[in-house]
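Once you have looked at the hints, place chain V on chain B.
Protein sequence lines, in the order shown, are assigned to chains B and V.
Residue numbering for the first sequence follows the numbering used here, beginning at 1 and increasing consecutively.
Residue numbering for the second sequence follows the numbering used here, beginning at 1 and increasing consecutively.
These are computed hints drawn from the structure, not numbers from a lab.
Glycine included, C-beta positions come from ideal geometry on N, C-alpha and C.
Mixed in with the good hints, there may be bad ones.
[Stated by the list, open to error] On the chain B side, residues computed to face chain V include the following (Cβ under 10 Å): (1) 66; (2) 114; (3) 116; (4) 118; (5) 134; (6) 152; (7) 155; (8) 159; (9) 182; (10) 183; (11) 186; (12) 187.
[Unchecked claim] For lysine to any residue, the following SDA-like pairs were computed, each having C-alpha atoms within a straight-line distance of at most 20 Å: (13) B:149 / V:25; (14) B:138 / B:150; (15) V:65 / V:54; (16) B:149 / V:28; (17) B:149 / B:40; (18) B:171 / V:79.
In case you want the letters, here they are:
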Amino acid sequence: MTHTHPHTHGHGDHGHDHDHDHNEPHPPQRDHDAGPMGVYEVMEEAVRLLLLEKGVLTDAEIATQIDLMDSRSPALGAKVVARAWADAAFKQRLLADCRTALAELQIDIGQIAEFKVVENTPQTHNVIVCTLCSCYPKLLLGIPPAWYKSLGYRSRTVVDPRGVLAEFGVKIPKSQEVRVHDSTADLRYIVLPMRPKGTERMSEPQLAALVSRDAMIGTALPSVPRKT
Amino acid sequence: MTSRTPRYKSGDPVRVDDRDVAGHCRAPWYLRGHTGVVVEELGNFRDPERLAYLRPGLPRQILYKVRFKQTDLWPDYVGPARDHLEADITENWLEPVVPARRKANAS
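Bound-form chain B, shown alone (with noise of 0.2 Å):
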């Protein structure tokens, strides 16, 4: 994979003179041209100009991290649980000290929040929420769905589960817990699903393809095979 950003190539000669907005590496653009601006688009705004303007950040760096934040996608998460699901003691490793075993992985979950993956068992589902913004481990799974975020799973999904559950088409047994973790603090955390059956047979990316994003929140399970 290549970081070569075309966009900061342009003003080689002109050096990092901020007077000039015509030499700005990167100017950002607006995602949306229809209607106008509205309260809380004006105040990023108000806020990221009067960031560059001090100086505490850069063009380049905002771009970077959006660059990194639209790298990542629930493909690189179910490359995990696949990795989870061949090696048994990875998931060891993964259950004990995600960080660490991310990092076996070539995968660098930045220092923000600590991550911490729970695992599904016939006992148990967990089921991932955010009660009091939207905590998502964006860093494995990219940019959490407009449901999760929605003030109906959050306020919900700690009150009536096994109801959000089934909306969502799960149904879990009454003989089988239901887990609600409600990420308060510093942790983001990220459902390992159960192996289906079936899949013994699979290669790590076979196994990967079985694993969805919302199976990783904890509201689907992985999808089963269809036999030959």
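For chain V alone, coordinates are given in the frame of chain B:
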């Protein structure tokens, strides 16, 4: 960094304080005043209630994973008694629960 030893250990019953706080805090309303059990000590982190106001977040707070019975949290909970909820709560929001002394003639 703090070298304070954790006040609680896995298995300890704890109650979430139900004090009122003006401003940012990370102890959800629905858990305040409720009793759970510490299931894990998660390390120490900068105090979010101070970080939110551009303070250094010191002293760092020891964070615990606390497990609550859903049927304790919600009187009309529809699921089975085996269902739980876990949340990560800083030590300054927890108080010890002294188990009620059992009556001598209790069976």
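Comparing the hints with the structure gives:
1. 66: violated, 24 Å
2. 114: holds, 7 Å
3. 116: holds, 8 Å
4. 118: Holds: closest Cβ of chain V sits about 9 Å from residue 118 of chain B, inside 10 Å.
5. 134: Hint on residue 134 of chain B: violated, closest Cβ of chain V at ~14 Å, above 10 Å.
6. 152: The hint is violated - residue 152 of chain B has no Cβ within 10 Å of chain V, the shortest such distance being about 15 Å.
7. 155: Hint holds; residue 155 of chain B Cβ to chain V Cβ min 9 Å, cut 10 Å.
8. 159: It holds, given that the least Cβ distance between residue 159 of chain B and chain V is near 6 Å, below 10 Å.
9. 182: holds, 4 Å
10. 183: Result: holds, 7 Å to nearest chain V Cβ.
11. 186: holds, 5 Å
12. 187: holds, 6 Å
13. B:149 / V:25: Cα-Cα ~19 Å, so holds.
14. B:138 / B:150: At roughly 17 Å apart (the allowed maximum being 20 Å), residue 150 of chain B and residue 138 of chain B satisfy the hint.
15. V:65 / V:54: violated, 26 Å
16. B:149 / V:28: Holds, because 16 Å separates the two Cα atoms, which is no more than 20 Å.
17. B:149 / B:40: Answer holds: residue 149 of chain B to residue 40 of chain B is near 16 Å, not above 20 Å.
18. B:171 / V:79: holds, 12 Å
Comparing the model with each numbered hint stated earlier shows that hints 1, 5, 6, 15 do not hold.
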